[in-house]
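There are 2 protein chains.
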Amino acid sequence: MAFSEFRPLHDNSLIDYIKSVPALSSKIANDFDNLFVKEVGDGNLNFVFIVLNSAGSFVIKQALPYVRSIGESWAMTKERSYFEWLALKEKGRLCPEHVPEVYHFDRTMSLIGMRYLEPPHIILRKGLVAGIEYPLLAEHMADFMAKTLFFTSLLFRTTSEHKRDVAEYCGNVEMCRLTEQVVFSDPYKVSEYNRWTSPYLDHDAEALREDNLLKLEVAELKSKFCERAQALIHGDLHTSSMMVTHESTQVIDPEFAFYGPMGYDIGAFLGNLILAYCSQDGHADQANDRKAYKEWILKTIEDTWNLFQHKFTALWDEHRNGAGEAYLPAIYNNPEVQLLVQKKYMTDLFHDSLGFGAAKMIRRIVGVAHVEDFESIADAAKRATCEKRALDLAKTILKERRKFEGIAEIVSAIRKYES
Amino acid sequence: MAFSEFRPLHDNSLIDYIKSVPALSSKIANDFDNLFVKEVGDGNLNFVFIVLNSAGSFVIKQALPYVRSIGESWAMTKERSYFEWLALKEKGRLCPEHVPEVYHFDRTMSLIGMRYLEPPHIILRKGLVAGIEYPLLAEHMADFMAKTLFFTSLLFRTTSEHKRDVAEYCGNVEMCRLTEQVVFSDPYKVSEYNRWTSPYLDHDAEALREDNLLKLEVAELKSKFCERAQALIHGDLHTSSMMVTHESTQVIDPEFAFYGPMGYDIGAFLGNLILAYCSQDGHADQANDRKAYKEWILKTIEDTWNLFQHKFTALWDEHRNGAGEAYLPAIYNNPEVQLLVQKKYMTDLFHDSLGFGAAKMIRRIVGVAHVEDFESIADAAKRATCEKRALDLAKTILKERRKFEGIAEIVSAIRKYES
Numbered sequence: 060m061a062f063s064e065f066r067p068l069h070d071n072s073l074i075d076y077i078k079s080v081p082a083l084s085s086k087i088a089n090d091f092d093n094l095f096v097k098e099v100g101d102g103n104l105n106f107v108f109i110v111l112n113s114a115g116s117f118v119i120k121q122a123l124p125y126v127r128s129i130g131e132s133w134a135m136t137k138e139r140s141y142f143e144w145l146a147l148k149e150k151g152r153l154c155p156e157h158v159p160e161v162y163h164f165d166r167t168m169s170l171i172g173m174r175y176l177e178p179p180h181i182i183l184r185k186g187l188v189a190g191i192e193y194p195l196l197a198e199h200m201a202d203f204m205a206k207t208l209f210f211t212s213l214l215f216r217t218t219s220e221h222k223r224d225v226a227e228y229c230g231n232v233e234m235c236r237l238t239e240q241v242v243f244s245d246p247y248k249v250s251e252y253n254r255w256t257s258p259y260l261d262h263d264a265e266a267l268r269e270d271n272l273l274k275l276e277v278a279e280l281k282s283k284f285c286e287r288a289q290a291l292i293h294g295d296l297h298t299s300s301m302m303v304t305h306e307s308t309q310v311i312d313p314e315f316a317f318y319g320p321m322g323y324d325i326g327a328f329l330g331n332l333i334l335a336y337c338s339q340d341g342h343a344d345q346a347n348d349r350k351a352y353k354e355w356i357l358k359t360i361e362d363t364w365n366l367f368q369h370k371f372t373a374l375w376d377e378h379r380n381g382a383g384e385a386y387l388p389a390i391y392n393n394p395e396v397q398l399l400v401q402k403k404y405m406t407d408l409f410h411d412s413l414g415f416g417a418a419k420m421i422r423r424i425v426g427v428a429h430v431e432d433f434e435s436i437a438d439a440a441k442r443a444t445c446e447k448r449a450l451d452l453a454k455t456i457l458k459e460r461r462k463f464e465g466i467a468e469i470v471s472a473i474r475k476y477e478s
Numbered sequence: 060m061a062f063s064e065f066r067p068l069h070d071n072s073l074i075d076y077i078k079s080v081p082a083l084s085s086k087i088a089n090d091f092d093n094l095f096v097k098e099v100g101d102g103n104l105n106f107v108f109i110v111l112n113s114a115g116s117f118v119i120k121q122a123l124p125y126v127r128s129i130g131e132s133w134a135m136t137k138e139r140s141y142f143e144w145l146a147l148k149e150k151g152r153l154c155p156e157h158v159p160e161v162y163h164f165d166r167t168m169s170l171i172g173m174r175y176l177e178p179p180h181i182i183l184r185k186g187l188v189a190g191i192e193y194p195l196l197a198e199h200m201a202d203f204m205a206k207t208l209f210f211t212s213l214l215f216r217t218t219s220e221h222k223r224d225v226a227e228y229c230g231n232v233e234m235c236r237l238t239e240q241v242v243f244s245d246p247y248k249v250s251e252y253n254r255w256t257s258p259y260l261d262h263d264a265e266a267l268r269e270d271n272l273l274k275l276e277v278a279e280l281k282s283k284f285c286e287r288a289q290a291l292i293h294g295d296l297h298t299s300s301m302m303v304t305h306e307s308t309q310v311i312d313p314e315f316a317f318y319g320p321m322g323y324d325i326g327a328f329l330g331n332l333i334l335a336y337c338s339q340d341g342h343a344d345q346a347n348d349r350k351a352y353k354e355w356i357l358k359t360i361e362d363t364w365n366l367f368q369h370k371f372t373a374l375w376d377e378h379r380n381g382a383g384e385a386y387l388p389a390i391y392n393n394p395e396v397q398l399l400v401q402k403k404y405m406t407d408l409f410h411d412s413l414g415f416g417a418a419k420m421i422r423r424i425v426g427v428a429h430v431e432d433f434e435s436i437a438d439a440a441k442r443a444t445c446e447k448r449a450l451d452l453a454k455t456i457l458k459e460r461r462k463f464e465g466i467a468e469i470v471s472a473i474r475k476y477e478s
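Chains as they are written, first to last, in the working numbering: chain A, 60 to 478; chain B, 60 to 478.
Rather than coming from a laboratory, the hints here were simulated on the basis of the structure.
Any given hint could be a false lead.
Identical copies go unnamed one by one, so any copy, or any two together, can satisfy a pair.
Said to hold, decoys possible - Derived DSS-like pairs: lysine-lysine, alpha-carbon spacing no greater than 30 Å straight-line: (1) K248 <-> K358; (2) K462 <-> K402; (3) K358 <-> K97; (4) K350 <-> K403; (5) K248 <-> K402; (6) K402 <-> K283; (7) K458 <-> K283; (8) K148 <-> K454; (9) K475 <-> K148; (10) K454 <-> K402; (11) K185 <-> K402; (12) K283 <-> K97; (13) K283 <-> K441; (14) K403 <-> K441; (15) K370 <-> K248; (16) K454 <-> K283; (17) K454 <-> K97; (18) K403 <-> K248; (19) K78 <-> K475.
Quick caveat, the model's predicted, so the values are computed rather than measured.
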């Protein structure tokens, strides 16, 4: 049975659909008698079904033509599913260890069939709220970011490959527009979608709208986001876009993918780790003061950047005589200039990452979409104290980002906002 | 008669072609008896025919699948003709005063039919070599650049319009690759295409290849050229890309057009004016010491930037409540922040323009394509003295560009390299 036009799948139509797709039905040995099906989409945008039996399993992710968490009033193209699939394939090719395998894509149905990330995989953010340490997280995320960003940049690609792919992902414009609105615009103006822990943060939200220097810096970041096609970025790399166990880190949900500034991905991850850090005091209790856990988060922040920097420059060194057109070997082939250009590149990328990371922190406190790290702190006064620290820290990082020379200085700055 | 596949037109086939295209034949009242036809393409890339009789006139420009000045060994897509036509139409719509009207386009034949810029129009560079003053040049070029750059940027356009057009012009990748090679790469490495006034500049050419700080800065400019889709730029806006009279300035040849950094256009024009300035001592003789003319060039450089800045910010002020997505009125609507963002935007653009302008100067002295300003100085020693001044000046501007606060400081720097 073919589905010739888009329709949202429910349990029964879902089974009919799976029966019609061998790439999916074969995963469960064509056995529909003892099938477990559950809708688990807790994100903002899509329906997600787990499908499994004793023979195997997979996940179905279907995009709806509106923002699920807001309702049908906020329309959004389901074509995002196509770009999510494209990006999953490309990132999976570049870093198969940290991207779930895709089994099937149906553009008409805006539907992706992919690996079910079985328990004990959970969304990283939930692990961070629960106070669980992931010893390999920094290593894995550094690996994912280094590979997916390096190999899609002009450090590795030719101009022809680059422009071809930039053009393709220009089609994901609706998702870029959404980011522009909720990250770079709404938090700095009066918007019906904004919310914050009121009345505690009323003044802080207002102060953002009147902070001219901050708005000047946000404009620069927005311009980079809109204009700079540096690499194929995930576009939404916060701590709910990865599922983890102690041994595994799997990056999901690249539906915002496009050619943009690398720092937007790195910043999203680091910024959300800082949010997790700032929320810990709200989760501390007599059984667990979270002090050791906070240290682990700081170490993860520091390790992530340092490992990323190491892996990224190692890839650069390894491929510096390759086809990448940014730094031709005939020009940049002496060790002194190689060192100079890498240092400048990584410093600029670090400052970009800090700026974008801080912007992502701010929008999670005063914008439309909040994070469970704070939302799960029931006591509003306590929550507001955590959020205000994060907000002040983010404003400082955003405005002063060019003064930070390394990630250790960021960790020091985070500690300072403790007291 | 239709031409179903590409073939280079010669005089006879040209007439047959014109007869088959009413948009062209009507311009000459369908009278082929007393037709004047002349091939005048003196550029690097194309054939250009003037066609006229007593009833009217037009120009036919046909792209060939290789670089005309190098030969068939240097292949180049004739699809550039399509992008030239697209850009002529768009820039003509935005600034009809300074872009010749297009009558006809044939993608199969890579052929554009357009207004014949009648005498006394000449290529600006030839006028600069001859020592002719153009009192309206700064005003006209400032107008052209302000309008074509502002109206195709996110200061005026929506993200959707922007990404749609960015994607389209990604197709002009072959021309971008050519620029990358001849402007940002070849001058800084050993290349069979490079040439310079030897032996006088042998050491200078070698010094470029060993100047690590210069190469670091060139890499940053190249990255902006490849990655930053700021506006629809002409892409080759030197002084041979415009035809002028005392009253008229017409910008032609946008076959390198794509979405790139605005500073690349502004820099191309300013850098080529500086080259013209530096060449004047080579053209001085007893009848004309060129002193007054050099002052006029300096004034034109200064006026061009100042008028551009004025016109560009005036357009911004005029349209700041429009659909442009870079600075939403709800965020940037107070005079203080408006001043801040405009000052930062124009300062960044100024520094970009200086960097690109300097890079364009360098490549004209040690790269494949030289300029008539210097080439027409027969005495090699004298020519080399002019070129060396220009080269040293360009290196200083490129490396120190962020220290210049206004165009008057550039004019001072130019004067300093006099002695």
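Verification of the hints:
1. K248 <-> K358: neither (35 Å within a copy, 43 Å between copies)
2. K462 <-> K402: both (15 Å within a copy, 21 Å between copies)
3. K358 <-> K97: Answer is neither; intra-copy 37 Å and inter-copy 74 Å both fail.
4. K350 <-> K403: neither (36 Å within a copy, 43 Å between copies)
5. K248 <-> K402: Close across copies (22 Å), not inside one copy (37 Å); limit 30 Å.
6. K402 <-> K283: Close inside one copy (20 Å) and across copies (18 Å); limit 30 Å.
7. K458 <-> K283: both (16 Å within a copy, 23 Å between copies)
8. K148 <-> K454: Answer is neither: 36 Å inside a copy and 45 Å across each miss the 30 Å cutoff.
9. K475 <-> K148: neither (42 Å within a copy, 57 Å between copies)
10. K454 <-> K402: So K454 and K402 pass the 30 Å test inside a copy (26 Å) and across (22 Å) alike.
11. K185 <-> K402: Neither: 36 Å inside a chain and 44 Å across chains, both beyond 30 Å.
12. K283 <-> K97: Neither: 40 Å inside a copy, 48 Å across copies.
13. K283 <-> K441: Neither: 35 Å inside a copy, 45 Å across copies.
14. K403 <-> K441: This pair counts as neither: shortest intra-copy Cα distance 41 Å, inter-copy 39 Å.
15. K370 <-> K248: This pair counts as between: shortest inter-copy Cα distance 28 Å, intra-copy 39 Å.
16. K454 <-> K283: both (18 Å within a copy, 27 Å between copies)
17. K454 <-> K97: Neither: 41 Å inside a chain and 65 Å across chains, both beyond 30 Å.
18. K403 <-> K248: between (34 Å within a copy, 21 Å between copies)
19. K78 <-> K475: neither (58 Å within a copy, 80 Å between copies)
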